[in-house]
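Novice: Here the protein sequences line up with chains A and B, keeping their order.
Following the numbering used here, the numbering of the first sequence begins with 3 at its first residue and continues without gaps.
Following the numbering used here, the numbering of the second sequence begins with 17 at its first residue and continues without gaps.
Among the hints, erroneous ones may be present.
[Unchecked claim] Distance ranges between label pairs, derived from CB positions:
hint	chain 1	residue 1	chain 2	residue 2	range
1	A	Asn-119	B	Glu-305	40 to 50 Å
2	B	Ser-281	A	Arg-130	19 to 29 Å
3	A	Arg-130	B	Ser-212	36 to 46 Å
If you're looking for bench data, these hints aren't it; they were derived computationally from the structure.
Where a beta carbon is used, it is the ideal one built from N, C-alpha and C, also for glycine.
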Amino acid sequence: MTARTINLNVNGEHKEWSVAENDLLLTELREREGLTGAKYGCGIGECGACTVLVDGQPSLSCLVLAQSVDGCDVLTIEGLARGGELDPLQIAFLDQAAVQCGFCTPGMVLMGRALLNEIPDPTEKDVREFLKGNLCRCTGYSSIVRAILTHRR
Amino acid sequence: MIGQHPADLGGHGGGGPTEHANPTETQMEDFTNTHILVGEFELIEPHTLAQASESLRTHAGEAVIMAGGTDLLVGMKMEHIRTKYVISLGRISALKRVDTNSDLVIGATASIRDVAHNSVVRQQYCALAEACQSFSTMQIMVMGTVGGNLCNASPAADTAPALLALDASVHLTSGVREREIALSEFFTGPGGTVLSDGEVLEHISVPAPSLSTGSAFLKMGRVAADISKVSVAVTVVRSEDRVRQCRIALGAVASTPRRIVAAESELLGEKPTISGISKVSQLVQQAIEPITDVRSTAAYRRHLAGVLVGDAFRQAWLRAGGGEIT
Ligand SMILES: Cc1cc2nc3c(=O)[nH]c(=O)nc-3n(C[C@H](O)[C@H](O)[C@H](O)COP(=O)(O)OP(=O)(O)OC[C@H]3O[C@@H](n4cnc5c(N)ncnc54)[C@H](O)[C@@H]3O)c2cc1C
Ligand code: FES
Ligand code: FES
Numbered sequence: 003m004t005a006r007t008i009n010l011n012v013n014g015e016h017k018e019w020s021v022a023e024n025d026l027l028l029t030e031l032r033e034r035e036g037l038t039g040a041k042y043g044c045g046i047g048e049c050g051a052c053t054v055l056v057d058g059q060p061s062l063s064c065l066v067l068a069q070s071v072d073g074c075d076v077l078t079i080e081g082l083a084r085g086g087e088l089d090p091l092q093i094a095f096l097d098q099a100a101v102q103c104g105f106c107t108p109g110m111v112l113m114g115r116a117l118l119n120e121i122p123d124p125t126e127k128d129v130r131e132f133l134k135g136n137l138c139r140c141t142g143y144s145s146i147v148r149a150i151l152t153h154r155r
Numbered sequence: 017m018i019g020q021h022p023a024d025l026g027g028h029g030g031g032g033p034t035e036h037a038n039p040t041e042t043q044m045e046d047f048t049n050t051h052i053l054v055g056e057f058e059l060i061e062p063h064t065l066a067q068a069s070e071s072l073r074t075h076a077g078e079a080v081i082m083a084g085g086t087d088l089l090v091g092m093k094m095e096h097i098r099t100k101y102v103i104s105l106g107r108i109s110a111l112k113r114v115d116t117n118s119d120l121v122i123g124a125t126a127s128i129r130d131v132a133h134n135s136v137v138r139q140q141y142c143a144l145a146e147a148c149q150s151f152s153t154m155q156i157m158v159m160g161t162v163g164g165n166l167c168n169a170s171p172a173a174d175t176a177p178a179l180l181a182l183d184a185s186v187h188l189t190s191g192v193r194e195r196e197i198a199l200s201e202f203f204t205g206p207g208g209t210v211l212s213d214g215e216v217l218e219h220i221s222v223p224a225p226s227l228s229t230g231s232a233f234l235k236m237g238r239v240a241a242d243i244s245k246v247s248v249a250v251t252v253v254r255s256e257d258r259v260r261q262c263r264i265a266l267g268a269v270a271s272t273p274r275r276i277v278a279a280e281s282e283l284l285g286e287k288p289t290i291s292g293i294s295k296v297s298q299l300v301q302q303a304i305e306p307i308t309d310v311r312s313t314a315a316y317r318r319h320l321a322g323v324l325v326g327d328a329f330r331q332a333w334l335r336a337g338g339g340e341i342t
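Excised from the complex, chain B in its bound form:
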């Protein structure tokens, strides 16, 4: 790929609190000509993943992958991204799958909407269903994909905290070599991932939760149709009245979406109480590194993160079959 990394997408997926991304917010002068796509490029529309990988190898360093294009084309219109080749995954029908037979498998181009609407996802992977439903517009949900949301690697990507809290893995392929890595190892910075040149995300997998598992996602934007100032996802596994396992992940409060492991262990083996939960919130507030930008101040983000973690924990605990926490 030539030019900037596809993460730098102004006020959209890339518009989270990213000190390091440049530009961090869309400036008015960026809006000069979004009528047309000025850059010239070649569009490659393979019908199989093998063909896509081959094109990517042939044009190594000069090509970008396109899924729904809702981040990529905005970035190209704004001329933050220039590329010689665009390889679209849109005609590879196998990649659109959402499979719930055992573990949840989300193909690279499954849309946000298809995941939001899947009945098994809604019942068993609540945090993910809520993250997908929270997307700012219906058209973006129809066009955008979960794979694109992750690969774009905005710190504010809504599906990221949910999938982190659900312990998801990503399956990457170069056509020659395949690897599976934990999502918690995937993000390297705003717009950065461990994807190497020539690698494609093939699918995302999420382990099937046990009956006594509950999860929840909460997001706060400026208005209903906005990306997050702060997003939080929590998964709790219950054993009788005690916490057996807990995962807490946040978006838009650091350079990548991330798990806050220091807070996850606080309630292990304990009965959750109001004071226990406020301790968890405090640990989260200490661990995050929010910044100030157009969406929010760092101080407000830190405050909000604590509140949302508490609320998400209570919701997840209820869904895990635990009662009201007193």
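In isolation and in its complexed conformation, chain A is listed as follows:
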């Protein structure tokens, strides 16, 4: 094993990381950068709590090798607000009380963002389909779906 230096953008900031082959994107974000928004839920792709956007695409950071994001743009929940202003979707989550314990929320919001970037006017079916890999143990999902749907208007 050899550590390698990689260059990437995290939330718009250039980063240079020295990472080993078996380092994972999730661990680097949380432990190196202190970006604890992305959560470790299951570690095997089933819960969506670790979701971040890599080059705009929703990715499970628990299953991404850090070395393979060399040259990529990574967006975590911490990078969604701009200049202290929450993203309108974050405001919609607050308005709809779509947050309880908050563990799933960063993944949910980023999935919602990715969906809205692709389909600005989604149906409820689109939203449920897009979010089916993100588990929430608290809200019962309705408020989350409502937040994404009300935001579109």
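Place chain B with the ligands on chain A using the hints.
Specialist: This is chain B with the ligands only, laid out in the frame that chain A set:
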């Protein structure tokens, strides 16, 4: 590669009804440390397929290929797979292609989502589009690839029955030798394929269907976000009001995804009728070898296979331009 075959991936792609795979289902104790990847290995990220083949030759027996990594990395985290070298295909942009100019060509690392979204695939290769859309989560569709789904060779791999019913072939290369084989000859058992050490799947090709061809894929899981208990794909070619050709393939009901040739010939040259279709369903039920596991009992799988075959046939027939079957 050292250790177990990459097929043994617990409750994911490898979690189908595999008597022979070990372990067949993820046990709770397997979840001890999925925070990190404990195994040490070297990551090789070639920019061309030729370089990938060369690395594979150099490290023969000690390397695994990685496409999206959604099966491989789970297997490595669970320590079902140990390897010295991981050769990633992720930086070989030519392999991401989905080409629909004549036959459908799917490069080794085209994502499930890219295939699901392709407008030609949605119109002409319905069974494949439906199989890709049925994947359990959006993130897995973005990260996972059709090539990885086939090479992982889970009996429950969703794209496999669809591609079998569409008569797909796989193109394999070792960098020195290339070969093309029918997908129906590709799978050898749970997690097993005819890929030899040093060989890479380069692309998948699917013959362009005629206008009077229709296909459909149906899957039943426990919940929406799940892999299949049973999956079925049917392609029908229509000539006037009769069946000219038919291909039926199932997943999760035997040690590999497979075509049920005995049932395919039942309606050839005939007008499809309700009783004809139930005969086809019966033949399928007799030919499959389902097992009991956490997702389902063997008896329920057998029942469901019959129902889904009938439904998929009717859907495919409608899409082939045939009418409602009475
Ligand atoms: C949470 C979760 C949900 C899932 N849901 C589904 C589902 O609904 N349906 C389903 O069918 N599967 C599902 N899977 C399984 C998996 O995501 C799919 O099988 C996926 O298509 C694998 O593609 P990949 O590119 O990630 O493969 P990888 O993990 O990169 O590779 C899989 C195997 O194939 C080999 N390989 C890959 N590419 C090549 C190549 N070109 N040549 C030779 N060998 C190669 C690798 O060495 C490895 O052994 C799920 C997995 C997870 C973790
Ligand atoms: S922690 Fe990555 S999907 Fe659960
Ligand atoms: S708010 Fe608690 S898991 Fe979703």
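Novice: Of the hints given before, which are not true for this structure?
Specialist: As far as the earlier hints go, only 2 is violated by this structure.
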